[in-house]
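Enquirer: Chains as they are written, first to last, in our numbering: chain A, 1 to 321; chain B, 1001 to 1344; chain C, 2001 to 2311.
Please keep in mind that the hints were generated in silico from the structure rather than gathered at the bench.
Straight-line C-alpha distance at most 27 Å; calculated DSSO-like pairs for lysine-lysine:
(1) A:Lys267 with B:Lys1272
(2) C:Lys2204 with A:Lys90
(3) C:Lys2190 with A:Lys90
(4) A:Lys78 with C:Lys2204
(5) A:Lys267 with B:Lys1143
(6) B:Lys1333 with A:Lys199
From the derived model, a few chain C residues whose C-beta atoms are all more than 12 Å from chain A:
(7) Leu2009
(8) Thr2012
(9) Pro2147
(10) Lys2270
Ideal Cβ positions, reconstructed from N, Cα and C, are used throughout, including at glycine.
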Amino acid sequence: MSNRLVSVKHLVKYFPIKKGVFRNTVGWVQAVDDVSFDIYSGETLGLVGESGCGKSTTALTILRLEEPTSGEIIFQGKNLAKISKNQMRKYRKDLQVIFQDPYSSLDPRMKIKNIIAEGLAAHYMLNTKKRYQKVAELLERVGIVPDYMERFPHEFSGGQRQRIGIARALALDPKMIICDEAVSALDVSIRSQIINLFKDLQKEFHLTYLFIAHDLSVIKYISDRVAVMYLGKIVEIAPKDVFFRKTLHPYAQALVSAVPVPNPDYKKKRIILQGDVPSPANPPKGCRFHPRCFKKMDICSNKEPGLKEIEKDHHVACHLY
Amino acid sequence: MVINNQQKILEVKDLKTYFFTENGIVKAVDGVDFEVYQGETLGLVGESGCGKSVTAFSIVKLLDYPGKTVDGQAFFKGEDLLKKSEKEMRKIRGKEISMIFQEPMTSLNPVFTIGFQITEALEVHYKMNKIKARERAIRLLEKVGIPIPGQRINEYSHQLSGGMRQRAMIAMALACDPVLLIADEPTTSLDVTIQAQILELMKSLLKQFNSSLIMITHDLGVIAEIADRIAVMYAGKIVEYTDTRSIFYSPLHPYTFGLLTSIPRLDMEIEKLESIPGAVPDPLHFPEGCKFHPRCTFATEKCRKQEPVLMEVEEKHLVRCWHFEKVKQEARKIAFTGRLTAGE
Amino acid sequence: MNRIIKKLLSNTTSLIGLILLFVFILIAVFAPTIAPPLFPDPYQVPRMSWDVEPQPPGFPMADDMRFIYESLGKPITRDKAIFGTAQGGYDIFYGLIWGTRTAFYIGIVTVTLSMLIGIVLGSIAAYFGGWLDEFLMRITDIFLSIPFLVAAMVLTTILGRGLDKVMIALVFFGWMGYARVIRGSILCAKEDAYVMAARALGVKDFNIITRHLLPNTIFPVLVQASMNIGSMVITAAALSFLGVGAPMGYADWGQMVSFARNWIIGSPGKAGEYWYAVFFPGVFIVLFVLAWNLVGDTMRDILDPRLRGEL
Chain A
1 MSNRLVSVKH
11 LVKYFPIKKG
21 VFRNTVGWVQ
31 AVDDVSFDIY
41 SGETLGLVGE
51 SGCGKSTTAL
61 TILRLEEPTS
71 GEIIFQGKNL
81 AKISKNQMRK
91 YRKDLQVIFQ
101 DPYSSLDPRM
111 KIKNIIAEGL
121 AAHYMLNTKK
131 RYQKVAELLE
141 RVGIVPDYME
151 RFPHEFSGGQ
161 RQRIGIARAL
171 ALDPKMIICD
181 EAVSALDVSI
191 RSQIINLFKD
201 LQKEFHLTYL
211 FIAHDLSVIK
221 YISDRVAVMY
231 LGKIVEIAPK
241 DVFFRKTLHP
251 YAQALVSAVP
261 VPNPDYKKKR
271 IILQGDVPSP
281 ANPPKGCRFH
291 PRCFKKMDIC
301 SNKEPGLKEI
311 EKDHHVACHL
321 Y
Chain B
1001 MVINNQQKIL
1011 EVKDLKTYFF
1021 TENGIVKAVD
1031 GVDFEVYQGE
1041 TLGLVGESGC
1051 GKSVTAFSIV
1061 KLLDYPGKTV
1071 DGQAFFKGED
1081 LLKKSEKEMR
1091 KIRGKEISMI
1101 FQEPMTSLNP
1111 VFTIGFQITE
1121 ALEVHYKMNK
1131 IKARERAIRL
1141 LEKVGIPIPG
1151 QRINEYSHQL
1161 SGGMRQRAMI
1171 AMALACDPVL
1181 LIADEPTTSL
1191 DVTIQAQILE
1201 LMKSLLKQFN
1211 SSLIMITHDL
1221 GVIAEIADRI
1231 AVMYAGKIVE
1241 YTDTRSIFYS
1251 PLHPYTFGLL
1261 TSIPRLDMEI
1271 EKLESIPGAV
1281 PDPLHFPEGC
1291 KFHPRCTFAT
1301 EKCRKQEPVL
1311 MEVEEKHLVR
1321 CWHFEKVKQE
1331 ARKIAFTGRL
1341 TAGE
Chain C
2001 MNRIIKKLLS
2011 NTTSLIGLIL
2021 LFVFILIAVF
2031 APTIAPPLFP
2041 DPYQVPRMSW
2051 DVEPQPPGFP
2061 MADDMRFIYE
2071 SLGKPITRDK
2081 AIFGTAQGGY
2091 DIFYGLIWGT
2101 RTAFYIGIVT
2111 VTLSMLIGIV
2121 LGSIAAYFGG
2131 WLDEFLMRIT
2141 DIFLSIPFLV
2151 AAMVLTTILG
2161 RGLDKVMIAL
2171 VFFGWMGYAR
2181 VIRGSILCAK
2191 EDAYVMAARA
2201 LGVKDFNIIT
2211 RHLLPNTIFP
2221 VLVQASMNIG
2231 SMVITAAALS
2241 FLGVGAPMGY
2251 ADWGQMVSFA
2261 RNWIIGSPGK
2271 AGEYWYAVFF
2281 PGVFIVLFVL
2291 AWNLVGDTMR
2301 DILDPRLRGE
2311 L
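Make the full structure from the sequences, and use the hints.
Expert: Okay, structure coming up:
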């Protein structure tokens, strides 16, 4: 937990809403709105939230797969938000990603050996023979018979395809891998295989993970620290044990209490939130959660709470504290 | 849990539904038996491809080509649904048996208002006049927790959020006081806080209306919350069938056991997540003998050769496995009060 | 691949199309044998006589013609006009046989070139989006708004008569359809996760377009292109018919039809007297276009469901 690998400062990503004949910008979808956090070397930071909270957009923006509207992304002393696209290409070796959908994240027309070797080719690493050797090693490491490298994606199951995606990300020896809902689309019995694979690889290759998910149970198992997002903002961020023992933000409390537990006797005080998530194009004034908050105060509809450190390493954005 | 003295609403016997594709015959449902009693919720649990959805569609005869129910019976109120004509089924669907689907966006007709879709059912099944139907529809929307129902009744499905749409679907399903509700992954596509709302709503409505529910899902947490009894399906067959607590506290089938030990959960600290090796088998090439044996840590030679039958090995606890005793021991070893479930 | 071939062969209509195509290919390949040329330029259609009026099938070579050829030292291997002669005594049979080569040449070259232009412009527009997309699409719209035949005629008037000028016109005004189709496909495909994955790996844009996007989107374009081969030939024939296009006496189907221009109706009292001047060239054109259409149609049917399923 010592050194910061990536530092995100006041990251903003707005998507323009265009209407009319001349495509005038009539509004903005405030997908990510002033988000700051650090990711420490070797840890797994779990980023959790429901649909529309901006977690995936945050990930894509950090990787410059979406251009940030403003803010800084500090990596190895450089602000990735400001460098040119060409310069960014070099950093891509260190910052890899694994996507959610195993069926569309592999080019259906490419043999998997080329899918995995593509990163190496793009960065002119190793000669062809050595590349395929590395592909074989990687396949073996992720649990796929190396001989299968001549096959095409459609010949593999969802879980296997996800393993191929992992091999592809590992090929470049990255420092950090962003897992964007990487297990959400898998069958339950396969999910734990892949989760365990993630954990093993992290130890072996000294990886840092930004693990994005909507399933708190998975986040609890795999993360060292947890960050909760709501409508484009981080509302709470804390080490895992602290977070689950002492959930502070009302939304985070509701989220934790909403997760169904596979135990018929589990009695919990369930917090049922009223209403639906508002649109990120038109977020509420003041604290974005206040219309649905069961602990709302007057100040909440006027003033937006900032992220404050309540106790060591435990930050909350809420007027209650 | 009230099974004794309760009426049997639905009895499914030896249901077999096969898909006749150009690549071969897919035995999606291959000999399934279960019952649903008045006022209870039966959970059908399994992963993708196990046949749970096909089972439900077969019962209400909503199968699509190339699927065909080739054997079995589904007794509802004493009559075999599978023998009924399409015309007769139409009188039953929406009125006595209602379905709620996973994707509310595609099950609600986008060109009709949601009010229309509710009143339509009322007018068809109860021959209500328009005014009465509309009143009842508004009351139903209110009951399912849709705010300002008088206004929302005139809206279209795309104007509602996912959670609202699912509530509208539930309203539609309950419009004619069905005896049996079949819900196919109704909350899978919803956010978890919305899912919690919908589950609470369903539980309260079921109690109010005293309806029965077949809840189809892959989520063990959801099923623990809402089901009274559970049937676990794998490769087209039921592999374990008993009440909810027994499933979670003393599973007897290796697959059930595997599932329980491989899911991450909030209520306890997990040192190491177990996993079930391998993958769900290709429905065109099921293994010989027990369909689960290639992935089973308890499998022996017998399992490779002979497929086990569903047997009642303990009171009201049926399992399809030669080695359920071993599973029982393993489950005990893990001290399930600490590992499989955590009591309060 | 094997499945595609199997499907192509099992379907009756596609089988007919394939057989027709095969026959045409044979004709084109064996043209020197079927209709031995009498001039150094094999595309120069020999005359059977000096008659202005078309002569019916089976017309024997006129003696004065024969005398000219023999004195020029040209071997006469055939002295009957099997399909008759067109205006000016040109041997229809010869024109149609060698015209097959011309048809393939026109069709394949124009379609390939216009397809390449369309793909380049369309994929750049779709991939980079923004003002580049707007700009390129407006250019496409401008080209599309010009009526083709008029534009082609204007262009050939400026450039002069000749088959190559006709082909330039066909390419110049024919790329827009491909551009649009590819643009649409790429706009969809570029949102696919594997494209984003390639970007995340650091693959250069050019490689993303050529290695990922195009291979996954090009099949519908190829199908459309194959069907357009027929229509290119018809359009070239139309231009020839209108007097723009291949020079007099050139072995080109359009030329053959244009020779019939004055004789379509026939003389008063004898309607359709010169049917052969229109019929034979017409049959060749129709069958050629039909062949490409049938094959292209079947290709499209094969590819559509497969595009949705696995590959």
